[in-house]
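**Q** Each chain, letter by letter, is given below.
2 protein chains.
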Amino acid sequence: MNTPTDPNLLDLFKTLGDAERLKIAGLLANEPLSLTELSQRLELPLNDVSNHLAHLEAQGLLQKEGDAYRLAAKALEQKARAVLAQSHPKVKSDDFEGDDYDRKILSSYIAVDGSLKSIPTQHKKLMVILHHIVKQFQPGIRYPEKQVNEILRRFHEDYAALRRYLVDNRLMAREKGEYWTL
Amino acid sequence: MNTPTDPNLLDLFKTLGDAERLKIAGLLANEPLSLTELSQRLELPLNDVSNHLAHLEAQGLLQKEGDAYRLAAKALEQKARAVLAQSHPKVKSDDFEGDDYDRKILSSYIAVDGSLKSIPTQHKKLMVILHHIVKQFQPGIRYPEKQVNEILRRFHEDYAALRRYLVDNRLMAREKGEYWTL
DNA sequence: AAATTAATTCGATGAATATCTAATTAATTT
DNA sequence: AAATTAATTAGATATTCATCGAATTAATTT
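Protein chains in written order, with my numbering: chain U, 25 to 206; chain F, 25 to 206.
Do not rely on the hints blindly, as some may be mistaken.
Unchecked claim - A few chain F residues facing chain U, derived, Cβ under 7 Å:
no.	residue
1	L34
2	F37
3	K38
4	L40
5	G41
6	A104
7	A106
8	L130
9	I134
10	I165
Since the hints were derived computationally from the structure, they do not count as laboratory data.
For every residue, glycine included, the Cβ atom is placed at its ideal position computed from N, Cα and C.
With the hints as extra help, turn the sequences into a complete structure.
**A** In C-alpha cells, the structure reads:
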C-alpha cells in the first residue's frame, strides 16, 4: 500500500498529467470547493469529478474541510522537493568510495564536470583513474569501438590512449572491434 | 509556439507521466548518456528512445553534450518552482482591491483562513463584508439553499444570518429554494 | 419512513498515445 | 564512393484511461 508521502513520482505525474485534474488542482489551490461546486465550475459530470478527486486524494494532494476540498500545498511542496532531490546529480556514492589514496587521486584528477584534467603518467595513479573510468561500462554488454570512444571522450580527448590503457591493463577485453569489461 | 520556459504544466506532467521517460530522466539526472546507451540500459528499441527524448527535449528538460544527453536540472528546478507558485493560494488580487476603507474593514474582519472573525453590526461595514462574500457565487448559476449554506458556513457558523443579509440587501435573490447573484 | 438529493461505483465506448514493424534519412567508416 | 551504422520518421497495432450512461449506495430533507 502506498502512503501518500512515499514519492511515487510516476503516479504523481500521471495524476497531474490530465487536463481536468490539473484544472481541479488549480482551482483548489486558490479556494476550497465542494464536489458539486467543482462539477458546476468545470461543467463536468459529477461522477467524473468524483473520480478525479479520488485520484488526487490517492496522491495525498487534497485535504478535506467539511465537504469542501483544498489543495494540500504542503504535500505538493514536499513532492516538488523530492523531484529536485532526484534530479540533482548527487555524486554517486561509489564514485568516490574506496580508500583515502584513491579518493585523493580522483579528486585531484577529475574536474567538476567529471572529465579528466590530464592522464596520469605514474602507473599507480593511472590505475586508480582507469578503475574509475571502467565503471562507465555495464558488465555483460559488448560495446562497439565507436561507442567506447564516445564514452571515453567524455573523460579525455585522447580517448584512444585511454582505450589502449584499459585493454593493456586487462580492465577491458577486445575482440573483432567489440569491447567488454572483465 | 511553446518556448521551453513557458510553464505549460500539463504537458510537462504528461511527458514525465510515462514510465520509460521518467526512467530516462532519472538516468540522465545522474550521468550523461547517449541515445544508444539509453537504448541498451533500458532494453528499449532505439526509435522509441529517440521519440521519448524528443518529448523530454520539447519540454526543455534536456541539454546535449556531444551526443550524450543530460537532464537540465536548472530547467527542472524552475519548473518545480512554477508548480509551487501556482499551488500557493495567492490572495486573489480582487479580494482586497477597492478603496482604502473597504480594505481596512476586510483585513480587520477576515482571518487568515478567509473566515469571518465576527459579523459586523454597523450597516456600512456589513455591506463591505457582504460584497466580499457574494463573490463566492458565480453569476448565472442557481444554487440550492443547501449549497448556499455550505459556502456561507466557510465564513461564519451563522450562515443563516449571512444568507438573510445577502437577500435583504439585494445582493442575492431567492425563488423556490434557489439562490443566485444579482 | 418516504422521498429527494448527493456521491460513489460499475461497465462500455472512444480517444489518445506508447509500442512495434518497417522504411527513410543522416552520418561514419572503410 | 560504397557500405555500414546511427538516428529519425511513418504507419499500424495495442493498451491505457478518460469520458459517458446507468445503476447503486449514502446521506438529507420533508
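**Q** For each hint, tell me whether it holds in the structure or not.
**A** Here's how the hints hold up against the structure:
The beta carbon of F:L34 is positioned within 7 Å of a beta carbon in chain U (closest approach about 5 Å), and the interface hint is therefore held. For F:F37, the interface hint holds, the least distance from its beta-carbon to any beta-carbon of chain U being 4 Å, beneath 7 Å. For F:K38, the suggested interface contact is upheld, since its CB lies about 4 Å from the closest CB of chain U, less than 7 Å. Satisfaction of the interface hint for F:L40 is found here, the shortest Cβ-Cβ separation to chain U being roughly 4 Å, below the 7 Å cut-off.
About 4 Å separates the beta-carbon of F:G41 from the nearest beta-carbon of chain U, less than 7 Å, and the hint is met. Checking F:A104 against chain U by beta carbon gives a least distance of about 4 Å; that is within 7 Å, so the hint holds. For F:A106, the interface hint is violated, since its Cβ never comes within 7 Å of a Cβ in chain U; the closest pair sits about 10 Å apart. Annotation: interface hint on F:L130 violated; nearest CB of chain U at approximately 16 Å, more than 7 Å.
This hint is violated: F:I134 has a C-beta 13 Å from the nearest C-beta of chain U, more than the 7 Å allowed. Against a cut-off of 7 Å between C-beta atoms, the interface hint on F:I165 holds, since the closest Cβ of chain U lies about 6 Å away.
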